[in-house]
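Start from the sequences, fold in the hints, and give me the full structure.
Under my numbering, residues 996 to 1166 are what the sequence shown spells out, in order.
Hints may contain errors.
What the hints assert, rightly or not - Only pairs whose alpha carbons sit at most 27 Å apart, straight line, appear in this in silico DSS-like list of lysine-lysine:
1) K1077 / K1131
2) K1131 / K1145
3) K1041 / K1081
4) K1007 / K1022
5) K1007 / K1051
6) K1008 / K1022
7) K1145 / K1007
8) K1104 / K1077
9) K1077 / K1137
10) K1100 / K1131
If you're looking for bench data, these hints aren't it; they were derived computationally from the structure.
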Amino acid sequence: MVKYGIYNPKVKKILTIITSNPGICYKELQETSSIPNGTLSHYISKMVDDSKIIVKRSPRRSWFFLPETNPFEINLIINLRKETSKDILSYLLVNPSSGFSEIQKYTKKAPATVSLTMTHLVELGLITRIPGTRAKYALSNKDLTYSMIKRIEPDTTDKIKERFADTFSYL
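Pasting the structure below:
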């Protein structure tokens, strides 16, 4: 048990990386930590067994979180690490209550891709669908989305501020 405690330098290093990069995937964790694949895999499985970290798995990827991360934040962070989802969430942060065609035009993705991604985001409760003649979409928790974007990718918030300023500079 002591071998995998927080006093172990490798465990400490892994926990520090996950703390500063919530939702980091295995490959990024391996590159950042410089711990060999087999060793990292071993330490991660022991840390999961000891409830030091949470692993959220999909068929192609694993994301790592601290145990105190709530499920809504986990879903938000995972989707902010996916390109299309991040584009949609970032767009809705700057342009609340937007229609499907506006979002699709911004993301420059096929309508089917955007539709599938938005349906998934609605099911997770990250965005809400506002019914009407033409449905509009809005973020479920704008403040949390903004803080998570800032935490995961600080450069993205600067871009959002610039876009927001550009939007109002033409008025």
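Now for the hints, and whether the structure bears them out:
no., hint, result
1, K1077 / K1131, "22 Å, holds"
2, K1131 / K1145, "25 Å, holds"
3, K1041 / K1081, "32 Å, violated"
4, K1007 / K1022, "18 Å, holds"
5, K1007 / K1051, "20 Å, holds"
6, K1008 / K1022, "15 Å, holds"
7, K1145 / K1007, "24 Å, holds"
8, K1104 / K1077, "13 Å, holds"
9, K1077 / K1137, "18 Å, holds"
10, K1100 / K1131, "14 Å, holds"
Checked against the numbered hints listed earlier, the structure breaks hint 3 alone; every other hint is satisfied.
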